[in-house]
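Visitor: Two chains, two frames, some hints: make the complex.
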Amino acid sequence: MVPLGDLAAYVEFSRTLDLEVNSVAQRLAAAIVARAVPGIRDVVPALGGVALHFDPGFVGDVRETAAALVETCMKKGLPDADDLGRRIEVPVCYDAEFALDLAEVAEKTKLSAEDVVRRHAAGQYRVLMVGFAPGHPYIGGLDQKLAVPRRAAPRALVPAGSVAIANQQTVVYPYAISGGWNVIGRTPLAAFDSTRLVPSMFAPGDRVVFRPISRRVFQELLEHP
Amino acid sequence: MSIRILRPGLLTTVQDFGRHGHQHVGLCPGGAMDVVSLTLANALVGNPPGAAALEITVIGPELRFEHDTLVALCGAEFKGGFPHNRPMLVRAGETLPVGRATRGARAYLAVASGLAIEPVLGSCSTYLPGRFGGFEGRALRHGDVLAPNEDVSRERFAALKRKNGASVRWSAPPLTLPDREPIVVHAIEGQHHGLFDSAAQRAFYDTVWRVSPESNRMGFRLGGPPLSREAGEEILSGPTCLGSVQVPPSGVPIALMADHQTTGGYPRIAEIAAADVPRVAQLA
Chain A
3 MVPLGDLAAY VEFSRTLDLE VNSVAQRLAA AIVARAVPGI RDVVPALGGV ALHFDPGFVG
63 DVRETAAALV ETCMKKGLPD ADDLGRRIEV PVCYDAEFAL DLAEVAEKTK LSAEDVVRRH
123 AAGQYRVLMV GFAPGHPYIG GLDQKLAVPR RAAPRALVPA GSVAIANQQT VVYPYAISGG
183 WNVIGRTPLA AFDSTRLVPS MFAPGDRVVF RPISRRVFQE LLEHP
Chain B
79 MSIRILRPGL LTTVQDFGRH GHQHVGLCPG GAMDVVSLTL ANALVGNPPG AAALEITVIG
139 PELRFEHDTL VALCGAEFKG GFPHNRPMLV RAGETLPVGR ATRGARAYLA VASGLAIEPV
199 LGSCSTYLPG RFGGFEGRAL RHGDVLAPNE DVSRERFAAL KRKNGASVRW SAPPLTLPDR
259 EPIVVHAIEG QHHGLFDSAA QRAFYDTVWR VSPESNRMGF RLGGPPLSRE AGEEILSGPT
319 CLGSVQVPPS GVPIALMADH QTTGGYPRIA EIAAADVPRV AQLA
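The listed protein sequences derive, respectively, from chains A and B. For any residue, its number in this note's numbering is found by taking its place in the first sequence, counting from 1, and adding 2. For any residue, its number in this note's numbering is found by taking its place in the second sequence, counting from 1, and adding 78.
So here's chain B without its partners, still in its complex pose (with noise of 0.2 angstroms):
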């Protein structure tokens, strides 16, 4: 039932919802960047919502299915002709690529009945900064072989309405995806937001922020106007929660995302709605 890495992309890691009740020991929860797509992706190939997939970055992979596998593919928009946003029976023997994304920067790709990855810790997720969970806590390479937990794609195609060949005619909509930029975030003060000078809290909510290129599973710098701080003591360090955004001394805000530190000791002058968590994670 194996589906074979040929080209691995830009950044392919097997992720679910993560793994939670160890921060207090400093490991965060982790998983899906946008936990949205991936619950899609899952509902459209009859999964449970969090069940393990492959979270695409940027430049997508080449993968080659050696049994009847049947996938979905939800987020950001690849150009590689594989269908987006509705299931679809791959056959054995199949090469799909998913190729470079044209809008958005995630996807995920769902096989029937999950993948077959054993968790550590609770969870199927991927932490890159410990190397632990996932595939061998790493990035997919050329030549890795995966496979789905069951063989039930054939199956579950065949129950589905409305098939076209080795697809169906409808399709779920996009749910992360900016329709125009910029996009709207919702955010709640952060404890430290009096620390800042009104000038830096104006800018803070008036500022289109531009998510730099320097950012990754760990959190996202926003080039913008520096914020500044009034000058007083180094905060103590103090807990942190997906989506805090953190502003060190520079003055170019971070904003926490997926693989975050669990404490740290920058000043937090918001923090983004858990909510709005995925549609940023389709900016960069």
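Chain A with its partners taken away, still in its complex shape (with noise of 0.2 angstroms):
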């Protein structure tokens, strides 16, 4: 457990990308919420570990009342990783108007680009952490043989909801922004929506399908989400 400041902490499982760390954190996360402990106001769960951010008017020591209690969460048994999170589904146009990088991601790993898309949408993916921005989602799951590295140069503008890959993750764009990532598709959901009952179309632990779309039914559904 370190510290994040004064009014918060985290624990760090593990210092590189390991899926089942991830998840032991993603239910962590979940037993510790389900504790609702008065001055704990933020839960985050993140790529290796768990943060907790406290009231600034907690009295007591932030460190070490967040040990105890991850100890305590530990011992009694974390939830299923099942239990855990929703099923998305998430529409994307995979066509070259949108792809902006599909050329060159089938060029990187040997692949037709017919195949990158095939293989993207076939995969079974999970949301290891939302962060950058408000709804952005970083899922794992990547198929092996579509582990490109992020661009030499990052774009000046990524379009809002640009699918895109690199290392081992996709990630979805909530809005347009700088990005280096290679984007192969376009969502016409929007990942972040303030007025929504559940803003974030993405939480920690969704379970993440692709679904592949015309440009016909993008548009629809860009006009009647």
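No lab work stands behind these hints, which were simulated from the structure alone. A hint or two may mislead.
If we take Cβ atoms under 7 angstroms as the criterion, some of the chain A residues that face chain B in the derived model are [what the hints assert, rightly or not]:
| hint | residue |
| --- | --- |
| 1 | V4 |
| 2 | P5 |
| 3 | L6 |
| 4 | D8 |
| 5 | A10 |
| 6 | Y12 |
| 7 | R17 |
| 8 | V46 |
| 9 | G50 |
| 10 | A53 |
| 11 | V132 |
| 12 | G133 |
| 13 | P136 |
| 14 | G137 |
| 15 | A205 |
Chain B is nowhere near these chain A residues, computed Cβ spacing over 10 angstroms in every case [what the hints assert, rightly or not]:
| hint | residue |
| --- | --- |
| 16 | V39 |
| 17 | R88 |
| 18 | R121 |
| 19 | S216 |
| 20 | L223 |
By construction, the Cβ of each residue, glycine as well, lies at the ideal position given by its N, Cα and C atoms.
Guide: Given below as structure tokens:
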């Protein structure tokens, strides 16, 4: 348990990306949230650990309280991974108009563009973390054959809804922003909408499938979400 | 009861204490950069500490009040002639320019009963990167109209003691403005402190850092010697907090401020103590 300033603490289980460890972190976060401890305002599962953010009015030692809480939860047993998260279906149009880096990915992976799309859409994925921007998911479970590094030079503006891959993950851009991931498609749905009852489409632990759609369906969903 | 924006100033936004409980989906709390001055301004007009107010930055707005309105301005000092750190009853029809900051960078203009703003995700704060919250998710512009929640200004002003015309004879002290610079800020060793070589670690604590003009509500860039890290693997993206000091490969430290990203892949050498963030917020 390391301090994260004087109002938060962070327990990091792994310094490298490990899907098993990430799942434990998510189950631990769920167990802590279920205890509804007064004074804890945010429980944030990250790629390799969990951060607990406390209310400034909290009277007590933040790090000790966090450590004791984590120990209690681990001892009592964590909820099953299958019981966490929802199943999220993300419609994606992989047409050339949206798949800005698909040709480059195909070349780097020595696959045809159709193969890249097919492999991507066939994957079983899990949201490892949501961060960088509201609603921005880091999704694990990418086919090994599709592993490509981030682009040498980031794009000044990646269009909102872009679905992009790098290293072993997929991300979805909630709004237009600069980015260095390889864009292979676009979803018409908003990853984050502050007016929705559940504003973020993705939450840590959600299981994700990508459903290929046509340009026409993309347009329909864009106009009638 | 309206308050009309004649000139918006450099960056004037509606802020309160922010929206909590959403960091796990990437939304930071946001809210006032200097929560102490916001609290004080609200106290001076009889509001709960986190009532929605205007955060004013460096060049203040010019406002016309169509009704008698009890207001208070706390934080940075501005030269428009607006009394600071005390309640003041602005009369119906009066126009007040806040002016340019002469000391500090941000001030809060609170109105009695708080600004009437529809909350988004539990807060009236403006989240500029996401364009939601506050007044239409953006900085105020010429022609915008705001209003307080209730018409309590005259009654609250009447209850004040030791009045002096439209204001009072007393004032609150400016709690977050520096008496002199450099200001001393407390820091807690960060998770990745050990990844920096000993010269960099020493430099972090010995340097008088200058907050660069390329700073904003998301983060303050600190000018000084580059902090070098022992070459190693990229660190795994992890959580951040208000006041986290990240050091990207360039070696230029960035102190995360109110609208910070909730996770980051840059090493964190230290975190600024929460109680000192309001004072840092007055530097740029």
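Visitor: Run every hint past the structure and note whether it holds.
Guide: Hint check results:
no.: 1; hint: V4; result: holds (5 angstroms)
no.: 2; hint: P5; result: holds (5 angstroms)
no.: 3; hint: L6; result: holds (5 angstroms)
no.: 4; hint: D8; result: holds (5 angstroms)
no.: 5; hint: A10; result: holds (5 angstroms)
no.: 6; hint: Y12; result: holds (6 angstroms)
no.: 7; hint: R17; result: holds (6 angstroms)
no.: 8; hint: V46; result: holds (5 angstroms)
no.: 9; hint: G50; result: holds (5 angstroms)
no.: 10; hint: A53; result: holds (4 angstroms)
no.: 11; hint: V132; result: holds (5 angstroms)
no.: 12; hint: G133; result: holds (3 angstroms)
no.: 13; hint: P136; result: holds (4 angstroms)
no.: 14; hint: G137; result: holds (6 angstroms)
no.: 15; hint: A205; result: holds (6 angstroms)
no.: 16; hint: V39; result: holds (13 angstroms)
no.: 17; hint: R88; result: holds (13 angstroms)
no.: 18; hint: R121; result: holds (25 angstroms)
no.: 19; hint: S216; result: holds (30 angstroms)
no.: 20; hint: L223; result: holds (22 angstroms)
Comparing the model with each earlier hint shows no violations; every hint is respected.
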